[in-house]
Each structure stands twice: as structure tokens, then as C-alpha cells.
Amino acid sequence: MDDEFDDEFDVVTESKDVTLLEILDRVLDKGVVISGDIVISVADIDLVYLGLKLILSSVETMEKYRGASFSGAEEECS
Amino acid sequence: MNNRTEFPILLYLYCITYNKPEIKESAGRMDAPYCIKYKDIYAVVSNVSSKDFSEKYIENNISNIEWLEKKVRIHDCTINEIMSGKNITALVPFKFATVFFDENSLKSFLNKYYDSLVATLDSLINKEEWGVKIFYDKKLLEKSILSDDPNVKKFDDEINSSSPGKGYLLKKKKKELVETLLHVKTSEYGKECFVQLKKLSLQTKINKLQSKELTGKDNDMILNAVFLVDIHNISQFTDSVLDLKNRFNPRGFDIEFTGPWPAYNFCKIVENKMGV
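Residue numbers (this note's numbering), protein chains in the order written: chain Y, 31 to 108; chain U, 20 to 295.
For lysine to aspartate or glutamate, the following DMTMM-like pairs were computed, each having C-alpha atoms within a straight-line distance of at most 20 Å:
1) U:224 / Y:59
2) U:58 / U:134
3) U:227 / U:207
4) U:227 / Y:59
5) U:224 / U:147
6) U:231 / Y:59
7) U:224 / Y:52
8) U:231 / Y:52
9) U:236 / Y:52
10) U:89 / Y:52
11) U:157 / U:237
12) U:231 / U:273
13) U:75 / U:121
14) U:204 / U:156
15) U:131 / U:290
16) U:227 / Y:52
17) U:158 / U:198
18) U:89 / Y:59
19) U:287 / Y:59
20) U:204 / U:168
21) U:227 / U:239
22) U:264 / U:275
23) U:224 / U:207
To be clear, the hints were calculated from the coordinates, so they are not data collected in a lab.
Please build the complete structure, drawing on both the sequences and the hints.
This is the structure we're talking about:
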């Protein structure tokens with residue numbers, strides 16, 4: 031799919047030396063929590079995070095994604 | 020091509036700041052972050068597609084690790100960039116995928132939570148979050164216990180001068196002692212590190228330990244802590260971590276030090292009190 035929301039990202043990453051886990055641990059598990067007026071309820075994200083930990087703790091997945099930047103992640107975020 | 024009526028644009032909130040963040044122009048990027056001012060605070064937001072973040076689609080998207088990594092890194096990267104701005108002394112970071120329908124729903128949120136947002140911003144001025152994780156090499160620590168601990172050595176002498184039967188039992192007891200000592204030493208060292216760093220910080224939080232499967236490390240985690248540090252104490256704090264590292268490395272302990280992070284672990288906001 032090629033639309034404006036898929037090709038605009040000069041993805042990332044200034045933070046590529048920080049592992050995905052380290053980031054997920056903060057942006058999914060911590061951070062300010064609000065409710066109401068938002069599209070996605072916080073509870074959903076919490077559930078997602080729990081499920082995700084299971085996915086991430088599967089060795090295969092971690093070996094594939096641990097610390098590695100994904101394809102296309104070449105440019106700095108600026 | 021994208022059909023706007025089918026995929027309406029949503030508003031993704033990254034963080035709240037006091038001073039106006041300087042955001043670099045990124046021409047042609049539909050997702051480029053920008054500011055919305057409300058009273059004396061600024062919300063850093065970007066337009067995102069409901070194809071990515073609406074309730075209907077996000078659940079499916081999020082189980083795609085490549086999508087998730089891309090979006091999560093954008094979230095992290097955007098806030099880092101704002102945080103590094105010279106005039107930014109405090110910011111409140113939001114959770115991944117905090118998404119509003121439009122500017123009105125964002126403003127109504129800012130209105131409802133204004134007091135708390137301002138109080139949180141005030142509490143974070145000139146402070147940084149740093150993470151400290153400690154891992155230990157069981158084999159190395161075991162080796163030092165075996166060669167240095169007097170009680171363990173006593174067992175060796177006894178084992179050498181005992182019959183095979185008694186020796187077997189003594190070996191078993193020695194093994195138990197070593198396990199106990201491993202436990203004692205790791206909590207002792209973990210505590211020592213934590214206490215030393217706590218003295219140099221304003222707030223601390225101890226998070227759950229992560230398993231080896233999750234961290235991908237060979238060594239076990241014995242401490243997972245975060246510290247809120249005054250920027251004037253950062254060099255002292257960093258020196259202290261290095262000092263601990265040097266002291267404990269030979270004993271099989273490795274300290275992983277990350278930061279500065281947006282204060283994800285030290286933000287909590289609540290709705291304004293009734294009648295405000």
C-alpha cells in the first residue's frame with residue numbers, strides 16, 4: 031500500500047542504540063495515562079503490552095528484532 | 020490513493036511543554052509534529068491516519084512488530100527531539116497511541132487536566148530520568164565466593180579430610196551455602212548501588228525485574244530502577260554510576276545505564292477537582 035501515511039516517515043532512529051524493549055517498556059507501560067475523549071482506551075494498550083511481552087519473550091522474535099533497526103530505518107529523525 | 024473520508028485524520032499527542040518547542044521543518048511529512056497552544060502550555064501533536072490508530076485498526080497493527088517498532092520509535096524520537104530543545108526545561112510525555120479525534124477533543128482534555136499537567140510540569144523542571152539496570156554473572160560471583168569466603172573454605176578442608184560418604188554430604192551442604200551466599204551478595208550489592216544513587220536523586224522507582232528471555236542477556240537482572248535527577252547533579256550521578264561499575268565489575272556485576280529519558284516513570288496526572 032502506498033499512500034501519504036506510509037511513505038512520509040524518514041524513519042528513525044536517533045535512538046537505534048537503545049533496544050526496542052527499553053523503549054516499549056516506557057512508551058507502552060509507563061507515560062501519562064488518560065481516559066475519555068480519546069480514541070483508544072488505556073486498558074487496551076495495557077493489554078497489548080502484556081501480550082507483547084509474551085511475543086517479545088519468544089526467543090525467535092527477540093533474535094530477529096532485538097536492538098536491530100528494521101529495514102528502511104536509515105535516516106536520522108530530524 | 021488514500022480516501023480521506025474513509026480514513027479520517029486523528030490527532031496524536033506526544034507531550035506537553037511550557038515553552039514553545041522548536042520543531043524543525045520537515046517538508047512533505049504528513050506526520051510532522053506541530054504545536055497547539057492552550058493557555059500557557061503547548062501540546063506537541065501530529066496528524067495520523069485512522070488507518071493506523073483508530074480503534075478499529077490499531078489492535079491489528081500493533082500485533083505487527085514492524086509496524087509497532089516503526090511507530091514506537093517515532094514516538095520516542097519525536098519526544099527526544101523536543102526534549103533536547105534548549106528552551107525546554109520540562110515536558111510531560113504521553114503513552115504510545117494517545118490519540119484524539121480532533122483539536123476540540125484535545126482541548127477539552129487539556130482543559131480538564133490543566134491543573135495537574137501544570138503541577139506535573141512544575142515538578143519536572145530541570146530534572147531528568149535515568150535508568151539503571153544491574154545484571155550479575157553467576158559463574159564469576161560463584162568463583163569469588165569459592166575462593167574468598169572463609170566459611171566455604173572451611174568446608175573444603177573438612178571435605179578433604181573426610182570419608183567419601185561424609186564428604187558427599189558436606190559437598191551438598193557447601194553447595195547450599197554457596198547458593199545462599201549468592202543470594203545474599205546480589206541483594207547486598209544491588210542495595211548498595213541503589214542506596215548510593217538514591218542519595219543523588221530526587222525520586223526513585225523500582226520496576227519489575229526482566230527475565231533473561233526478555234532482555235536477551237546471559238546474565239540475570241538483579242535491579243531495575245529509575246531515578247529522577249536534578250540536571251545540576253547529573254555529572255555527580257554519572258560519576259557515581261561509573262564508580263559503582265568499576266567497583267562491582269570485577270565481582271561479576273554489570274551496570275546498564277540509560278538516559279536521559281523523558282520522565283515516563285515520574286508523571287501522573289489527574290482530572291481537575293470538581294467545580295474548577
